[in-house]
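**Q** If you're matching them up, the sequences are chains Y and Z in order. In case it helps, my numbering puts the first sequence at residues 1 to 806. In case it helps, my numbering puts the second sequence at residues 807 to 1145.
Treat the hints with caution; some may be incorrect.
[Said to hold, decoys possible] Restraint ranges, calculated between C-beta atoms of paired labels, are given here: (1) Y:E229 - Z:T968: 34 to 40 Å; (2) Z:E880 - Y:G638: 57 to 63 Å; (3) Z:Y966 - Y:K686: 55 to 61 Å; (4) Y:S138 - Z:T1009: 27 to 33 Å.
[What the hints assert, rightly or not] Footprint (simulated), chain Z over chain Y, 3 or more residues, beta carbon under 8 Å: (5) 476-489; (6) 547-561.
Hint data in this document are derived by calculation from the structure and do not stem from the laboratory. The C-beta atom is built at its ideal place from N, Cα and C for all residues, glycine as well.
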Amino acid sequence: MNTALSWIKAYVPDLECTDQEYMDAMTLSGTKVEGYTRLDKNLEKIVVGQIEKIEKHPDADKLIVCQVNIGEEVIQIVTGAPNVKEGDKVPVVLDGGKVAGGHDGGPLPEDGIVIKAGKLRGVPSNGMMCSIEELGSSRDMYPEAPEMGIYIFEDDVPVGADAVELLGLRDTVFEYEVTSNRVDCYSVIGIAREAAATFRKPFVLPEVTVKGNSEKVEDYISVEVLDRELCPRYCARVCKNIKIGPSPKWMQRRLAASGIRPINNLVDITNYVMEEYGQPMHAYDLNTIAGHKIIVRRAKDGDVFQTLDGQDRALDSEVLMICDAEKEVGIAGIMGGENSKITDDVTTVLFEAATFNGANIRKSAKRVGLRTDASGKFEKGLDPHNAEAAINRACQLIEEFGCGEVVSGMVDVRGELKEEVVLSFEPDSYNKLLGTQVSKEEMLAIFKMIEVEYIEASNSLKVPTFRQDILRQCDIAEEVARFYGYDKIPTTLPTGEATTGKLPFKLRIEQKARDIAEYCGFSQGMCYSFESPKVFDKLLLDADDPARKAITIANPLGEDFSIMRTVSLNGMLTSLATNYNRRNKEVRLYELGNIYLPKALPLTELPEERMQFTLGMYGDCDFFTMKGVLEEFFDCIGMRKKAIYDPNAGRNYLHPGRQANIFYEGTLVGYLGEVHPEVCDNYDMKTRAYVAVLDMPAVLPFATFDRKYEGIAKYPAVLRDISMVVPKEIMAGKIEAVIAQRGGKILEDYQLFDIYEGDQIKEGYKSVAYSITFRAKDRTLEEADVTAAMKKILNGLEGMGIELRS
Amino acid sequence: MKEKLEQIKAEALRQIESSDALEKLNEVRVNYLGKKGELTAVLKGMKDVAPEDRPKVGQLVNETREEIERVLEESVKKMEKAVREAKMKKEVIDVTLPAKKNNVGHRHPNTIALEEVERIFIGMGYEVVEGPDVEKDYYNFEALNIPADHPAKDEQDTFYITGDILLRTQTSSTQVHEMEKGKLPIRMIAPGRVFRSDEVDATHSPSFHQIEGLVIDKNITFADLKGTLEEFARELFGEETRVKFRPHHFPFTEPSAEMDVTCFKCGGKGCRFCKGEGWIEILGCGMVHPHVLEMSGIDPEKYTGFAFGVGLERIALLKYEIDDMRLLYENDIRFLKQF
Chain Y
1 MNTALSWIKA
11 YVPDLECTDQ
21 EYMDAMTLSG
31 TKVEGYTRLD
41 KNLEKIVVGQ
51 IEKIEKHPDA
61 DKLIVCQVNI
71 GEEVIQIVTG
81 APNVKEGDKV
91 PVVLDGGKVA
101 GGHDGGPLPE
111 DGIVIKAGKL
121 RGVPSNGMMC
131 SIEELGSSRD
141 MYPEAPEMGI
151 YIFEDDVPVG
161 ADAVELLGLR
171 DTVFEYEVTS
181 NRVDCYSVIG
191 IAREAAATFR
201 KPFVLPEVTV
211 KGNSEKVEDY
221 ISVEVLDREL
231 CPRYCARVCK
241 NIKIGPSPKW
251 MQRRLAASGI
261 RPINNLVDIT
271 NYVMEEYGQP
281 MHAYDLNTIA
291 GHKIIVRRAK
301 DGDVFQTLDG
311 QDRALDSEVL
321 MICDAEKEVG
331 IAGIMGGENS
341 KITDDVTTVL
351 FEAATFNGAN
361 IRKSAKRVGL
371 RTDASGKFEK
381 GLDPHNAEAA
391 INRACQLIEE
401 FGCGEVVSGM
411 VDVRGELKEE
421 VVLSFEPDSY
431 NKLLGTQVSK
441 EEMLAIFKMI
451 EVEYIEASNS
461 LKVPTFRQDI
471 LRQCDIAEEV
481 ARFYGYDKIP
491 TTLPTGEATT
501 GKLPFKLRIE
511 QKARDIAEYC
521 GFSQGMCYSF
531 ESPKVFDKLL
541 LDADDPARKA
551 ITIANPLGED
561 FSIMRTVSLN
571 GMLTSLATNY
581 NRRNKEVRLY
591 ELGNIYLPKA
601 LPLTELPEER
611 MQFTLGMYGD
621 CDFFTMKGVL
631 EEFFDCIGMR
641 KKAIYDPNAG
651 RNYLHPGRQA
661 NIFYEGTLVG
671 YLGEVHPEVC
681 DNYDMKTRAY
691 VAVLDMPAVL
701 PFATFDRKYE
711 GIAKYPAVLR
721 DISMVVPKEI
731 MAGKIEAVIA
741 QRGGKILEDY
751 QLFDIYEGDQ
761 IKEGYKSVAY
771 SITFRAKDRT
781 LEEADVTAAM
791 KKILNGLEGM
801 GIELRS
Chain Z
807 MKEKLEQIKA
817 EALRQIESSD
827 ALEKLNEVRV
837 NYLGKKGELT
847 AVLKGMKDVA
857 PEDRPKVGQL
867 VNETREEIER
877 VLEESVKKME
887 KAVREAKMKK
897 EVIDVTLPAK
907 KNNVGHRHPN
917 TIALEEVERI
927 FIGMGYEVVE
937 GPDVEKDYYN
947 FEALNIPADH
957 PAKDEQDTFY
967 ITGDILLRTQ
977 TSSTQVHEME
987 KGKLPIRMIA
997 PGRVFRSDEV
1007 DATHSPSFHQ
1017 IEGLVIDKNI
1027 TFADLKGTLE
1037 EFARELFGEE
1047 TRVKFRPHHF
1057 PFTEPSAEMD
1067 VTCFKCGGKG
1077 CRFCKGEGWI
1087 EILGCGMVHP
1097 HVLEMSGIDP
1107 EKYTGFAFGV
1117 GLERIALLKY
1127 EIDDMRLLYE
1137 NDIRFLKQF
């Protein structure tokens, strides 16, 4: 909300402060000022001048030479403006002065434009006459300004006077961010009340009196509200003999500063009252109201209505309508109809000031696709008490401006209006909540300023109805805090029972995952939780793959963000591809993020969120690099048993011969592999890439930070190497299983040290060599111990069709 | 006899003096001190010495031996040192050649910021907890004093899955889960992912992270809230940091506030970074609304508390001067490596 400070000062006449002080103080008391603009910024040495004489420029057809009286002297100014004539009074910027902008009304330069005396086509010119654009404003705000050319004052302004002041530009416009609970502050009066309380100055409300004529409003209009729920109050007044014309300059300036374009007296009055009181009003041409009767009711499903912007709007029974005896004349709280709008020929006007159900207006505005200034206010739920004051204010202004005759009386249809909230006065509880020691007197002084009435007899507080945000004691405590000053509240630390700071086990394991990934050269990425359903095809998932059962977002930002991911790979592959296409060599990324698995679709309960530790890389690496990272991680989180790698993982997105499911103690904990070349193609990656995914909820039960020291071996180890020729299809894992199983208690370790296929090995076989370590904890091994163990191992291997070479 | 010993000694010392290698020194040792060395020979000739002179001569021999040994030892040490130095002279390397790095990976700036925040609050006795990303309407809104027709619930801000299930728009939902557990006092922070229906651009993302904080105990005051968050800001942004609390409105706290910190680039003087204001808005906070406590089964007459919510990306962007939020989700290695 934007408002000129001069308008605020109209209600807080004693307010004196700099713009910055105002901004800071208001913000600290809860009315946040986003910023302010001085309207006279870069306007320097600008006075009213009167053109005494105009002559043609000797050397230029489009220029004229003017003698301009600026009070103390007459100066010569050359101009190209087409609209000036002798006798006109115009704003003149003198030599060395400044204007805010160019005559084209483009963006204003930060430091303005300095005007210096000089020659135009050889003729001296000692200043410049200004257009409204050069003064930093526009015709929207100053509708009386000419379309092209110099601004011309009315005849009665004094020559030599401050032109900026006369234009109402010695002012500052403040932009407020009003919080949604403070409906009352969406008005100049509301903010002025806050300003008065903040600076502890008297607050002076405008005095509203309407004379009215000798007629009765009931003879002009009747009102029937069929849905009291949606329309708690409807006030109507009538003004006749309307004379449409411009509103007074002061009103135009105030509206302009608020960003509202002045139009004519009638429109300006309704807009002015809306700004001043925060109560939107509507004016109907009474002659278009059939039966001189207003009926407030819901629309019918399928109705179409043309709003006064000429658009057809589809309605339904949730939308509240203002109707006359025959037809609909406006969408309640949103916009009036084309069929009842005010034209310049209007003679009798019906003013409406009503309050509507905020939630309904918000929904209706969305339904009909039209959000207006009025609906924006109504949807916050306005105070019905305010409607009467506002409509009377509008009628008062009609009378003051002499642009109509107000018919006496007001039609007021309403049910029980909300009563003032009364709360007991509990100063100790406010201090206890705030941690302060504000005196009772100080509190009462604060309440007085914000019009919360203290009733001594019952020691209670009566909250005015416009303060819809004050319902409980904590709300009162906030008022005390705001005006006592948040900055004066002491700073302490909580006392009481000590608690232990904790990072839960799951998060500690995730921290380890990050550490290990980073030690291994992987950097952490972050991916979105939602993605496109096309991802499943990119990953070559089967049509019936359970991963395709994903949660769909009802109102996504677009298809690309429409489902909750059920696999984490797409994010990783997309990130790898981004890097690849930006020619980053050697990329290693990891991500810790959830996947979302529905228990049933459509969702009836919350899905399972499973944390995935996803790794991806390309460059100087292979399958076993990735495997190494996983094993480092397992080792680090206490998973010291041997993980089983099952090549029959059946994952379409991975290379069929280079993938494995990972089992730990019989549980599937994840998978790894080389990305299928077709998937790489789908992601525009022309390189081999490797990925691994660990399902953290599956890993977690095996993870532990417990360690037990096992002693360092005191007795010597015995090493035995075996070399064998193995049928190609037998995997190393099988051989190792035999060694592990048959090596007995004295088996300490085994390491693959050579694997070879080729020339000297017969077709279909490979050569494999292991080094096996034996050791006993309690003695030096005898040759016989080792021989027995080796024999068992070798027997086992031979049983698998393996030939021993030595 | 004496003359002979003197002569042996003089000759031995001369030979030591003229030795230019360790081997030669060793020869001297063998020739004079060894089993067949000259001094040993002298000792062997003791039998020819008169018995009364023997102790004297013995002493003389020993003295000579010690002297030779001493000089020999000195020379060996000197020579070893010379040899070592000569060797090292040949081993000079160019220390400005490139390092052999392990190419350790880097944490995401969000995570660095998160771990900082976690560290600070764990130190103050807070427990880190988590809540679900996909959440019931009740926990995200209703239990936080945002009833059915509240504007904050507007569909354009919230991603819905069904009428009742949504993507949480704030980590404040975790407050409710924690309060419902019924274990008091509570001191927790809850980091997590939140979702809002904002198009992706330099300052918006439909998915970002928040850290929620909640303290509930007897006698918790607004002053405690101020003190705690001031402490937090100083830890996070530096000892010099000052804070400012401005009144604000959140449905689930009352009184509510926003906290600004002095700009950590200019220290509050005003610069381009803080748009000349000297202050930067950092978080929202307030005293837990008694109705929120009631809904979660906590008696507001006995217990009070405060809550706060920090935008993680906001802190990361500010701390590291990242000018485009999209960088956080592109995962370009050249970006990630800078943290």
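**Q** Let me make sure I understand: some of the numbered hints might not hold for this structure. Which ones are they, in numerical order?
**A** Failing hints, ascending: 1 and 3.
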